[in-house]
Amino acid sequence: ILTAFIIHLQHFQSSLQSVLLALVLGAVVLLVLRRSKAAVLKTEDGWWGAGSPPAGAEDESIRPFRVETSREEIEDLQRRIDQTRPVPSLEDSQFNYGFNSTYLQKVAAYWRNEFNWSKQVDKLNQYPHFKTKIEGIDVHYVHVKPKNLPEGRTAVPLIMVHGWPGSFYEFYGILPLLTEPANADDVAFEVICPSIPGYGFSEAPRKKGFNSVCAARVFLKLMRRLGFGRFYAQGGDWGWQITTNMAQLDPTAVKGLHINFAPVENVGPLVILSILLGRRFPGLFGFTELDVKRLYPRVEKMLVEPLKETGYFHIQATKPDTAGRGLNDSPVGLAAYILEKFSTWTDHEFRNLEDGGLERKFSLEDLLTNVMIYWTTGSITSSMRFYKENFAKGFYPPHARIPVTVPTGVAAFPNELMHTPKLWAKQKNHKLKTYTTMARGGHFAAMEEPGLMAQDIQKFIKVVEGKK
Amino acid sequence: MFSLISPFFLLRIGLTYFLVWRRKAKKSIPLGDGWWGHGQQTLRDDNKIYPFKVETSEDEINDLHRRIDQMRYTEPLEDCGFQYGFNSNYLQKVVSYWRNQFDWKKQVAKLNEYPHFKTNIEGLDVHFVHVRAPHRPGQKVLPLMLVHGWPGSFFEFYKILPLLTDTKDDLAFEVICPSIPGYGFSEAPHKQGFCSLDAARIFLKLMERLGFNKFYLQGGDWGSLITTNMAQMKPQCVSGLHLNMLAVTKRGVGMLLSLIIGPYLPFLVGFTREDVRRLFPYFEKNVYDLLMESGYMHIQGTKPDTAGCGLNDSPVGLAAYILEKFSTWTDRKNRDLEDGDLEKKYSLDDLLTNVMIYWTTRSIIPSMRFYKENFKTNPQNRVDARTGIFVPMGHAAFPNELMHCPLPWARWRFKDIRSYSYMPRGGHFAAFEEPRLLAEDFVKFVRKVEGKKR
Numbered sequence: 001i002l003t004a005f006i007i008h009l010q011h012f013q014s015s016l017q018s019v020l021l022a023l024v025l026g027a028v029v030l031l032v033l034r035r036s037k038a039a040v041l042k043t044e045d046g047w048w049g050a051g052s053p054p055a056g057a058e059d060e061s062i063r064p065f066r067v068e069t070s071r072e073e074i075e076d077l078q079r080r081i082d083q084t085r086p087v088p089s090l091e092d093s094q095f096n097y098g099f100n101s102t103y104l105q106k107v108a109a110y111w112r113n114e115f116n117w118s119k120q121v122d123k124l125n126q127y128p129h130f131k132t133k134i135e136g137i138d139v140h141y142v143h144v145k146p147k148n149l150p151e152g153r154t155a156v157p158l159i160m161v162h163g164w165p166g167s168f169y170e171f172y173g174i175l176p177l178l179t180e181p182a183n184a185d186d187v188a189f190e191v192i193c194p195s196i197p198g199y200g201f202s203e204a205p206r207k208k209g210f211n212s213v214c215a216a217r218v219f220l221k222l223m224r225r226l227g228f229g230r231f232y233a234q235g236g237d238w239g240w241q242i243t244t245n246m247a248q249l250d251p252t253a254v255k256g257l258h259i260n261f262a263p264v265e266n267v268g269p270l271v272i273l274s275i276l277l278g279r280r281f282p283g284l285f286g287f288t289e290l291d292v293k294r295l296y297p298r299v300e301k302m303l304v305e306p307l308k309e310t311g312y313f314h315i316q317a318t319k320p321d322t323a324g325r326g327l328n329d330s331p332v333g334l335a336a337y338i339l340e341k342f343s344t345w346t347d348h349e350f351r352n353l354e355d356g357g358l359e360r361k362f363s364l365e366d367l368l369t370n371v372m373i374y375w376t377t378g379s380i381t382s383s384m385r386f387y388k389e390n391f392a393k394g395f396y397p398p399h400a401r402i403p404v405t406v407p408t409g410v411a412a413f414p415n416e417l418m419h420t421p422k423l424w425a426k427q428k429n430h431k432l433k434t435y436t437t438m439a440r441g442g443h444f445a446a447m448e449e450p451g452l453m454a455q456d457i458q459k460f461i462k463v464v465e466g467k468k
Numbered sequence: 001m002f003s004l005i006s007p008f009f010l011l012r013i014g015l016t017y018f019l020v021w022r023r024k025a026k027k028s029i030p031l032g033d034g035w036w037g038h039g040q041q042t043l044r045d046d047n048k049i050y051p052f053k054v055e056t057s058e059d060e061i062n063d064l065h066r067r068i069d070q071m072r073y074t075e076p077l078e079d080c081g082f083q084y085g086f087n088s089n090y091l092q093k094v095v096s097y098w099r100n101q102f103d104w105k106k107q108v109a110k111l112n113e114y115p116h117f118k119t120n121i122e123g124l125d126v127h128f129v130h131v132r133a134p135h136r137p138g139q140k141v142l143p144l145m146l147v148h149g150w151p152g153s154f155f156e157f158y159k160i161l162p163l164l165t166d167t168k169d170d171l172a173f174e175v176i177c178p179s180i181p182g183y184g185f186s187e188a189p190h191k192q193g194f195c196s197l198d199a200a201r202i203f204l205k206l207m208e209r210l211g212f213n214k215f216y217l218q219g220g221d222w223g224s225l226i227t228t229n230m231a232q233m234k235p236q237c238v239s240g241l242h243l244n245m246l247a248v249t250k251r252g253v254g255m256l257l258s259l260i261i262g263p264y265l266p267f268l269v270g271f272t273r274e275d276v277r278r279l280f281p282y283f284e285k286n287v288y289d290l291l292m293e294s295g296y297m298h299i300q301g302t303k304p305d306t307a308g309c310g311l312n313d314s315p316v317g318l319a320a321y322i323l324e325k326f327s328t329w330t331d332r333k334n335r336d337l338e339d340g341d342l343e344k345k346y347s348l349d350d351l352l353t354n355v356m357i358y359w360t361t362r363s364i365i366p367s368m369r370f371y372k373e374n375f376k377t378n379p380q381n382r383v384d385a386r387t388g389i390f391v392p393m394g395h396a397a398f399p400n401e402l403m404h405c406p407l408p409w410a411r412w413r414f415k416d417i418r419s420y421s422y423m424p425r426g427g428h429f430a431a432f433e434e435p436r437l438l439a440e441d442f443v444k445f446v447r448k449v450e451g452k453k454r
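Going down the list, the sequences are from chains A and B. The UniProt record's numbering applies: residue 1 is where the first sequence begins, and numbers increase by one. The UniProt record's numbering applies: residue 1 is where the second sequence begins, and numbers increase by one.
Read the hints as simulated data drawn from the structure, not as lab findings. Some clues are possibly wrong.
As the list claims (entries may be wrong) - List of simulated lysine-lysine pairs, DSSO-like, C-alpha gap at most 27 Å: (1) B:Lys-93 - A:Lys-207; (2) B:Lys-285 - A:Lys-308; (3) B:Lys-93 - A:Lys-308; (4) A:Lys-293 - A:Lys-426; (5) A:Lys-431 - A:Lys-221; (6) A:Lys-207 - B:Lys-333; (7) B:Lys-159 - B:Lys-344; (8) A:Lys-393 - A:Lys-221; (9) B:Lys-191 - A:Lys-106; (10) A:Lys-393 - B:Lys-345; (11) A:Lys-208 - B:Lys-159; (12) A:Lys-308 - B:Lys-159; (13) A:Lys-119 - A:Lys-145; (14) A:Lys-393 - B:Lys-333; (15) A:Lys-301 - B:Lys-376; (16) B:Lys-333 - A:Lys-208; (17) B:Lys-234 - A:Lys-293; (18) B:Lys-140 - B:Lys-285.
Only a predicted model underlies this, so the values are computations on that prediction, with no experimental measurement involved.
In isolation and in its complexed conformation, chain B is listed as follows:
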């Protein structure tokens, strides 16, 4: 059998290199266009930017309280921790806090501490927060867009914003934090097909409308894909791309070889000891664990309208669904704990504020549809998956991130990696959990890019 396979084996290697060679020729992906509003496209495009304030009302709060009171408790199995999902016993504690102590009005005031805006792009009202750096003499201010993911929001960046905008040294940032259309205060697309390429194009149009023609990008989760697409569409506009999550694109032979040889002779395939520690045992960490944790992705990627329906009526259900991720994706060991160690890294106030953004805007279903829209065409065959990224890139590899991407693998797609850091602690929600670490790494990356320019 082996003798039959090897000619095909060599053919595959040859084919792979041929494709890599071809890939070098493509430096960007097409922009395309779209319109996502109701019915037919209207002729006039409103380019204005309107200030926006988050608001709430007694009705909204009373309705929430009424629904929380109506929760129908289900007893958890004995000794199950978070293995079956959000533990019902701990959920009752969270819900009790939410009902009796959580102050939504105070949180709304906190959200409004930064100026919010909305502007209509491609038929949708796109929401964003715009934070300017205070005028400090001798300080260079660079524009930056931070893009969130699921089940997060622009609010995840509230702790890192002051660290980037209000610095005392020579470098500061002017930050735009948009909401992905369909999430939070951004209008949801009314037409099918809205994927990360469309979100990327809309955010590029947003930056253009705001007068920025060169800027930095930072993102994780969907934000990582969207910012990468932005860098692929208009590389001339992107000064640098910083990501805290890298999806591993399977590359057949090369990856297989590094997986087989890696644990024994890591340096031969470009792995460091830390890479080996994070990747292996491969099957358990990357296949089994991913299977255990991707149920939500599977159902949202196929039946989002069904999956989100009950969550839009039951705030407790919504909180359990979202907060389970904040527990498990921060550290997989949390699955064995009765309280999922949720409050170790986050405050209930912050966690519930994020949930409230989904609740008050009824955006859980549209947020889930984004998964289906992105998986409609095989993600490995889509134009962005077959194109490299040529802008300066920096990666902060957090130890408890969902998947680890070693530098040699990242190099397959990112042709200009300026910084690759093994972060000492932190998981998937890096900006929310370890804002200082992320900010430091981001600034370090920017300095490297800016340094090379001079």
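Chain A with its partners taken away, still in its complex shape:
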């Protein structure tokens, strides 16, 4: 609503400019005064298992876990793929109506005849997996330690959180770059990649109300249980929201926060001003060429484009159980739903391609492995519920109004879904240490451009550690 109002205001822009410029000074003064207040995010404990919590202490053991499959599982999948009832796409519609039917049949054929799930399961198991019970549900994670650490060096702990429709698997390309960096003076990380409760191998909450703050609290408990008193956090999509909440809940535990997605939740006067005047006076707001390209023309970039791409968001935030119901029976339907995002969110232009440009940046093997994680665990519905839980209290929950006070690094990928100029990122992240305009890449940055992402994480860490 606010955005639409701002866009209407553009009609009056020329006549009100002088008034607005005068307001800038006032706004700047206000902001300087506001920033001195740093509130802390509060939360209560929760319990998400079935029924009531049992008496006695919770089982805090950490159990090793192996991903497994069976002949039945694979045959069932193949049988369902064979039962697909395809509906031809409209002539010349490419990916504009959603996943193109012709290309979907190719993907399904590959999945049915060439994709080797057993081999992929082995690939998943190359890193050690574990499960541990927190707040009544089993939380799954991958724990990767550097193999060859030189004498006297300790690995820096890092938690990396995925989003929707991704999984811990998105990080498999970047893990070696972070745990075994090529450069001698790069930092070596010990990485924890958990699965958000309700996603993949993490148990789904049975009770209503499990939102990002709850996930953040669960992950903080996880890190504490693993013995990490202070650590770095990295995330995009929901991972951004959860790691941000972690930094807000316990700023002393989170040494630094690196994010590749930073949408503005609280649209303040400075942001509004920059939207109104940024095209004419980019320098005034520190807007780069990419900023101007991504934000203007306003109506198209800030209203029409988001509307075109947020249908899934709207239905998942209101009727997740209905939305996920069919996808849990139809693997091809699930693949279409998930892979459409891997196409469009990597580059909007891919909507005009018959094959959605899907294999330009990803391999079908990797894409389908991610889909299989949703399929074999039957977690599509619970993954969608996360949307509803996070918007139950509207668009401005308490954490949206609280700034982030830990050192933050933002990697702004040019094809990310929502673009955030440095100025906007600073409104929320008061200790913005690095802001990098990345050379290429979209929403699934870690999976699409692991090299670039690893480079930026290194750059960020060095700035934070260097300062110490």
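Given chain A's structure and the hints, the job is docking chain B onto it.
For chain B alone, kept in the frame of chain A given last:
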């Protein structure tokens, strides 16, 4: 700031009235033309009307059963009712009935109780049911077309059909119930751009082909828009237009004023007490509630091929998606109930028959594309949104309909409203849920129109 705004405020009022004045000049919208078949248009146009029978087979039923058996259950959250969508626990009961007791062969026979036909228009096979009134001496028989919406079908009208065709008094109707192209037994368009204006034109051609040059129209949901477009394209052919759903077209200042003043001084803005009861609290009922319930519209209006893909393989998924609407759009309070109160107003047989029409014809994706095609151009700027409707109109306002449109707002576009009724009960699927009430109101409307003619 206020002093800055008011000149623009007055300018807006002036502009609005100017546009209204201009609107009076336009009495109809252009017909246009189209061709929706595969590839290039063939030269010969087949105008014949072919009888059609709904059929099924052992294979079709076995395949359905196999897929139902393969359903992979997901546990619902505790105490969530229908708030997160169709409740999985209740879904299992519905699915069990569908698997073990629902008799599709018997339902097919029921569908075939009325004669079905198909005819090719603009490259597509258009399906319709044609029900003639039995010959009764002294009875006037008027032609009528009933148009369904989403996720409904021609089958929604099966309960109201006898009430309109087989009456014992002096007035009866000969009814045509078509399927919108892309829905059920009507062929789906193969080209992009098929919107309500095209459906309207095709249905006008259908009536012409059947030999009707003046007829009544009735519709709700998409049917409401399509029949309205028909009345805008050929007002001379439409005796009267009866709608049970009116989309509120925002009219800026006038609407804003009535929203601000309405709750306190309703009569000043032409609101009745019932209007106030149904409209307010405005934000909660019309903005918040609409946001809660329009997720399907958003995804279908942008990515229909993705949204429908899984539903075309999973009958259980399809049933959940469709039946959730039959629960929530009948009464929003049903969201708090574990069974969505689905069987209070409908029988599982009827509900599943409607679902089977989508399932056996694989038409869920094309049915969803209709949303995208209609939202491609801003619906408020399209030619039909900027043109009034001058044929006699009647509105049956059901209390649990998705949105309420008071008479003063309806008058902005409909220039000849003959009847406006507050119905005592019922929701969105009026013909299906309260056939008697709808039939009574429709006949009352027709009598008013026919009475004025004599």
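Tested hints:
Using a Cα cut-off of 27 Å, the hinted pair B:Lys-93 and A:Lys-207 holds, with the two alpha carbons roughly 22 Å apart. For the suggested pair B:Lys-285 and A:Lys-308, the alpha carbons sit about 25 Å apart, so the restraint of at most 27 Å is met. The hinted pair formed by B:Lys-93 and A:Lys-308 fails the criterion: a straight-line CA distance of about 36 Å is larger than 27 Å. Taken as a hint, the A:Lys-293 and A:Lys-426 pair is honoured in the structure, with Cα atoms around 20 Å apart against an allowance of 27 Å.
This hinted pair checks out: A:Lys-431 and A:Lys-221 have alpha carbons roughly 25 Å apart, not beyond 27 Å. With a CA separation close to 21 Å, the supplied pair A:Lys-207 and B:Lys-333 stays within the 27 Å bound. Straight-line distance between C-alpha atoms of B:Lys-159 and B:Lys-344 comes to about 16 Å, which keeps the hinted pair within the 27 Å bound. A distance of roughly 25 Å separates the Cα atoms of A:Lys-393 and A:Lys-221; the hinted pair therefore holds under the 27 Å criterion.
For the hint linking B:Lys-191 to A:Lys-106, the alpha-carbon distance of about 22 Å falls within 27 Å, and the restraint holds. The straight-line distance between the Cα atoms of A:Lys-393 and B:Lys-345 is roughly 33 Å, outside the 27 Å bound, and the hint therefore fails. Using a Cα cut-off of 27 Å, the hinted pair A:Lys-208 and B:Lys-159 is violated, with the two alpha carbons roughly 40 Å apart. Between the alpha carbons of A:Lys-308 and B:Lys-159 the distance comes to roughly 39 Å, so the proposed pair goes past 27 Å and is violated.
For the hint linking A:Lys-119 to A:Lys-145, the alpha-carbon distance of about 23 Å falls within 27 Å, and the restraint holds. Between A:Lys-393 and B:Lys-333 the CA atoms are separated by roughly 20 Å; this keeps the pair inside 27 Å, and the hint holds. The straight-line distance between the Cα atoms of A:Lys-301 and B:Lys-376 is roughly 17 Å, inside the 27 Å bound, and the hint therefore holds. Our distance criterion of 27 Å between C-alpha atoms is met by B:Lys-333 and A:Lys-208, whose separation comes to about 19 Å.
For a cut-off of 27 Å, the pair hint linking B:Lys-234 to A:Lys-293 is broken: about 47 Å separates their Cα positions. About 43 Å separates the Cα atoms of B:Lys-140 and B:Lys-285, which puts this hinted pair outside 27 Å; it is violated.
Hints 3, 10, 11, 12, 17 and 18, counting from the list given before, are not met by this structure.
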